[in-house]
Amino acid sequence: MTSPRIKVLIAEDEANLAQILEQFLASRGHSVTATNDGRSALAALRAEAFDVALLDIVMPEMDGLEVLRNVRADPSPPEVIIITGNGTIETAISAIRLGAYDYLSKPYRMAEIDVLVRRAWEKKQLTKENALLNERLAR
Amino acid sequence: MASTARPHSKAVGPAPLPALSVLADVAARLASTREPAEVLPGVLEVVRNAWGADECALWLQGPAGLIRAWATGADVTSLAEVAERLAAGQAAGGALALSPLMVADRRLGAITVHRTLPLSPDERLTLSTLANMFAPLLSHAEYSHQLEGEVDARAREMDEQRRFVQLVVDSLPLGLYVIDREYRIRAWNRKRETGMQGVSREQAIGRTIFEVLHRQPAHLLRAEFDDVFSTGKLAQFEMESTITGDRRTYRISKIPMRLDGTTVTHVITIGEDVTDWRESQERFSQAEKLAAVGQLAAGVMHEINNPLATIAACAESLALLVDPMKTPTGRSLDYLRLIDDEVHRCKRIVDTLLDFSRPKPSHKDPTDVNAAIRQTLYLLKHHPRFKAITVHTDLDREIGLDVRANAEQLVQVFMSLLINAMDAMGDRGTVTIRTRRGRSLSEAVIAEVIDEGHGIPRSEVPKIFEPFYTTKAPGRGTGLGLSIVYSIVTEHGGRVEVDSTPGKGSTFRILLPAGPVA
Chain Y
1 MTSPRIKVLI AEDEANLAQI LEQFLASRGH SVTATNDGRS ALAALRAEAF DVALLDIVMP
61 EMDGLEVLRN VRADPSPPEV IIITGNGTIE TAISAIRLGA YDYLSKPYRM AEIDVLVRRA
121 WEKKQLTKEN ALLNERLAR
Chain H
140 MASTARPHSK AVGPAPLPAL SVLADVAARL ASTREPAEVL PGVLEVVRNA WGADECALWL
200 QGPAGLIRAW ATGADVTSLA EVAERLAAGQ AAGGALALSP LMVADRRLGA ITVHRTLPLS
260 PDERLTLSTL ANMFAPLLSH AEYSHQLEGE VDARAREMDE QRRFVQLVVD SLPLGLYVID
320 REYRIRAWNR KRETGMQGVS REQAIGRTIF EVLHRQPAHL LRAEFDDVFS TGKLAQFEME
380 STITGDRRTY RISKIPMRLD GTTVTHVITI GEDVTDWRES QERFSQAEKL AAVGQLAAGV
440 MHEINNPLAT IAACAESLAL LVDPMKTPTG RSLDYLRLID DEVHRCKRIV DTLLDFSRPK
500 PSHKDPTDVN AAIRQTLYLL KHHPRFKAIT VHTDLDREIG LDVRANAEQL VQVFMSLLIN
560 AMDAMGDRGT VTIRTRRGRS LSEAVIAEVI DEGHGIPRSE VPKIFEPFYT TKAPGRGTGL
620 GLSIVYSIVT EHGGRVEVDS TPGKGSTFRI LLPAGPVA
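In order, the protein sequences belong to chains Y and H.
Okay, so the first sequence: first residue is 1 according to the working numbering, each after it adds one.
Okay, so the second sequence: first residue is 140 according to the working numbering, each after it adds one.
Incorrect hints may have been included.
[To be verified] Partial list, computed: chain H residues near chain Y (C-beta under 10 Å):
| hint | residue |
| --- | --- |
| 1 | T172 |
| 2 | A176 |
| 3 | W416 |
| 4 | N444 |
| 5 | N445 |
| 6 | P446 |
| 7 | L447 |
| 8 | A448 |
| 9 | C453 |
| 10 | L459 |
| 11 | V461 |
| 12 | D490 |
| 13 | L493 |
| 14 | R573 |
[As the list claims (entries may be wrong)] Here are the in silico distance ranges between beta carbons for each label pair:
| hint | chain 1 | residue 1 | chain 2 | residue 2 | range |
| --- | --- | --- | --- | --- | --- |
| 15 | H | F607 | Y | P4 | 43 to 51 Å |
| 16 | H | H521 | Y | Q125 | 42 to 50 Å |
| 17 | H | F607 | Y | N70 | 57 to 65 Å |
| 18 | Y | P4 | H | C453 | 44 to 52 Å |
| 19 | Y | A15 | H | E418 | 48 to 56 Å |
| 20 | H | S456 | Y | R5 | 42 to 50 Å |
| 21 | H | H521 | Y | R69 | 42 to 50 Å |
[Unchecked claim] With the C-beta cut set under 10 Å, the calculated list includes, among others, these residues of chain Y facing chain H:
| hint | residue |
| --- | --- |
| 22 | D13 |
| 23 | N16 |
| 24 | L17 |
| 25 | L21 |
| 26 | T33 |
| 27 | I83 |
| 28 | G99 |
| 29 | D102 |
| 30 | K106 |
| 31 | P107 |
| 32 | R109 |
Just so you know, the hints here were simulated from the structure itself, not pulled from any lab data.
For clarity, every value in this text was computed on a predicted model and none was experimentally measured.
For glycine and all other residues, C-beta sits at the position ideal for the given N, C-alpha and C.
Could you build the full structure based on these sequences and the hints that come with them?
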C-alpha cells in the first residue's frame, strides 16, 4: 500500500513505551520522533513541522495539555492526539475543548493509534487544502 | 363586783398574797422548766388568783401584729385595746393594768391584768417586775421559735433540693445507681426502674446489687466494684446487650464517690445507651475509610495504566514479529492474544475502581425509582442466572418523580444489588424488591433488595463496601459492585443500610433524598 509518510511526534515519559511505539509507527511507514517530556516535545514541535503529535497528559516539566495549549496558536500546528493514563472523561473533554483531534486512554492498542494518526493526518491535509483553496479564492 | 361575773375566779378568794410571795411562786415555776410556754398558763393563773383579777393575759408581738398568746380567766380585754394602750405608753387606766415586755429597746408584747378594782401601786410594781422576768424568757423563746422556723424552712429547702436533685437524676437518659461498701443499693434512678432489667426503686434500695442484678454473674460484678473501691479510679467499658430484643451497646461508667472526701465510700454506676452514637461513628469512619481507599485507588490508577500500556504494546509488537507460518504450533499468537485480553481486563477493573473512587457528578433529574427498578429487571430478564430465581416486587405505587437522581446510575445500583443477591443465594430462592416513601426529605424514597442468601457475618458487614471485598469465587466478581452502589448512593446524598442474618439472608436498603444535598 502506498501510505503517506506522516511526520509523527511522540511525547511519552515512559521510555520503554515511547520506544516500542516509535518502532511500531516507524514500521508502519511513519517518520517518528520520540521525546520523554513536555518541554522537549514543545521544542521539537517548534523546531520542525509535524503532522501529528501524540501527547501523554502526565509528563515531567510540562504536561500534554500545556503543550497542546502552546502549539495551538502556532502557524500550521500538528493535529494532537491526547493520551491519558487515568482514563477520566473530564481530561478527555478538556483536551477536545483545547482543540485536540482525539484522545486515547492507556492501555491502548497501537493499531488503534496507527488508525488515529492516519485520520488525523487526513484531517490536517483537508485543512491545508481548504486553506490553499481559500487563499486562491481570495486572490 | 358581783362574784358571779367572774366565773373563773374563786368567789371569795383568800386575802391577796404579799407581792413577794407571788414573785417567789412565779420564779419557782419559771425555774422548773426550760420551756416557758409550758408554765406560763400556770403562772398567769397564780397572778390572777393572787390579785383576784378577772383576767390575766400575755400578749406577744408577732410578725403579723399583736396576738393574745396566753390568757387565763375571762376573755374581757380586746386586742385593739391592748394595742392602743401599748402605743400610747399608758400602763394603767381603769380596770385594765398593762406592763410592756421589754428586752433592751425591743418590745416583745405586754402582760395585762383586768380587775374592776384598779391595781395598787404595789401591785403595779409587781406586775412590771413580772414583765421584766418574762421578757428575757420570751425573748429566748421567740428566738427558739425563730430557730425552729428557720430549721423548718431549712428542712423544707433541703427537701426541695433533694427532690430537685432526684428529679435531675431521674430525668437523665441514663441508668444510674449507687452502691455502698456492702454492695447495697443506695440510689436507683427512674431509668433503672423502666429500662432494661427494670426494677422499682422500692425493691432495689437497701438490697445488694447481686440480688437485684441477679442475671449478671455476681463474681464479675463484685470484681468491677472492688476494683473501683480499691483503686479509687473511674472505670469505663462498653457492653452489648440483647435484653430489649435488638442488640444495644451500653457504655458503663463506675465512678468512685467519697462521702468524707478521702476513702471511696460508694460507687456510682451509670449506663448509657450508645448504640446510635456508635452506629453513626462507624458509619462515619467507614465513609472516611472508603474515601481514603478511593483516593489511594485514584493515585495508583495512573501508575498501573502506564506499565499496562507498555505490556500491551510489547504483546502487540511481538505479535507482528511472529510469523504464523513459521511457528510450529501457532500458539505464540494465542499467548500474545491472552496477554492483550488480560491487560484489557485489568483496564476495565481499573476503570471501575475509578468510577468508585471518583463517582462522576452525574446529571440528575426528577426520577421514578420504581421505573429504574423495572428497567433493571427488564435488562436482567434474559440473563440465564436470573431466570433460575424468583423475583418478588412490592413497589409503592404512590412513588412518582420523588427523587432527583441519575436514572442510569440508579439502574447500575439495582443491577449490582440484584447480582449481589443472586450470588449470595447461589442462584435459587426469592429476591424481594420493595419500595416505599420515606418520612423526610432526606429519606424521600426507600428501596430494599431482600435476599434469602447466606447472609453476612456481623464482623464482615463494615467491610462489604470496600473495593475488592468479595466472597465470590475468583473470576466471578470483581468485588466492586457494592463499592459502586455505595459511591453512587453517597454521591446522590443518600445512604445504604444493611441488615443481615447469617444463614437467612440480607436486606440492602437504599435511602434516597428528595434532592441532592447542597
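Structure-based check of each hint:
At about 103 Å, the closest approach between the beta carbon of T172/H and any beta carbon in chain Y exceeds 10 Å, and the interface hint on this residue is violated. The closest approach between the C-beta of A176/H and any C-beta of chain Y is roughly 98 Å, which is over the 10 Å cut-off, so the hint fails. Evaluation of the W416/H hint against chain Y yields a violated restraint, the C-beta minimum of about 38 Å exceeding 10 Å. The beta carbon of N444/H comes within 4 Å of a beta carbon in chain Y, closer than 10 Å, and the hint placing it at the interface holds.
Restraint check, N445/H versus chain Y: the minimum CB separation of about 5 Å is within 10 Å; hint holds. Look at P446/H: its Cβ gets to within about 8 Å of chain Y, closer than 10 Å, so that hint holds up. Because the closest C-beta pair between L447/H and chain Y is about 4 Å apart, less than 10 Å, the hint holds. Evaluation of the A448/H hint against chain Y yields a held restraint, the C-beta minimum of about 4 Å falling below 10 Å.
Evaluation of the C453/H hint against chain Y yields a held restraint, the C-beta minimum of about 6 Å falling below 10 Å. With its C-beta approaching chain Y no nearer than about 7 Å, L459/H sits inside the 10 Å limit, and its interface hint holds. The beta carbon of V461/H comes no nearer than 14 Å to any beta carbon in chain Y, farther than 10 Å, and the hint placing it at the interface is violated. The restraint placing D490/H at the interface with chain Y holds, with a minimum CB-CB distance near 6 Å, inside the 10 Å limit.
A cut of 10 Å between beta carbons decides the hint on L493/H: the least distance to chain Y is about 6 Å, and the hint holds. Below 10 Å, beta-carbon pairs count as interface contacts, and R573/H has none with chain Y, the closest being about 34 Å; its hint is therefore violated. Distance hint for F607/H and P4/Y: a CB-CB separation of about 47 Å, consistent with the stated range 43 to 51 Å. Separated by about 47 Å at the C-beta atoms, H521/H and Q125/Y satisfy the suggested range of 42 to 50 Å.
Look at F607/H against N70/Y: about 41 Å separates their beta carbons, and that is not inside 57 to 65 Å. A hinted range of 44 to 52 Å is violated for the C-beta pair P4/Y and C453/H, which are about 27 Å apart. Checked against the given bound of 48 to 56 Å, the beta carbons of A15/Y and E418/H, roughly 52 Å apart, stay inside it. As the Cβ distance of S456/H to R5/Y is approximately 21 Å, the hint placing it in 42 to 50 Å is violated.
One distance hint, 42 to 50 Å for the beta-carbon pair H521/H and R69/Y, holds here, with the actual separation near 48 Å. Satisfaction of the interface hint for D13/Y is found here, the shortest Cβ-Cβ separation to chain H being roughly 9 Å, below the 10 Å cut-off. Because the beta carbon of N16/Y sits about 5 Å from the nearest beta carbon in chain H, less than 10 Å, this interface hint is met. The criterion of a C-beta within 10 Å of any C-beta in chain H is met by L17/Y, whose closest approach is roughly 4 Å, and the hint holds.
Annotation: interface hint on L21/Y holds; nearest CB of chain H at approximately 6 Å, less than 10 Å. Nearest Cβ of chain H to the Cβ of T33/Y: about 18 Å, over the 10 Å cut. The hint is violated. A hinted interface residue such as I83/Y counts as satisfied when its beta carbon comes closer than 10 Å to some beta carbon of chain H; here the least separation is about 8 Å, so the hint holds. Given the 10 Å rule on beta carbons, the hint for G99/Y is violated: about 24 Å separates it from the nearest Cβ of chain H.
With a cut of 10 Å, the hint placing D102/Y at the interface with chain H is violated, because the nearest CB-to-CB distance is about 17 Å. With 10 Å as the threshold, the beta carbon of K106/Y comes within range of chain H, its nearest partner Cβ sitting at about 4 Å, so the hint holds. Interface restraint check: P107/Y against chain H, minimum CB-CB distance 4 Å, threshold 10 Å, status holds. For R109/Y, the shortest C-beta to C-beta distance to chain H is roughly 6 Å, which falls under 10 Å, so the interface hint holds.
This entry does not satisfy hints 1, 2, 3, 11, 14, 17, 18, 20, 26, 28, 29, going by the numbered hints stated previously.
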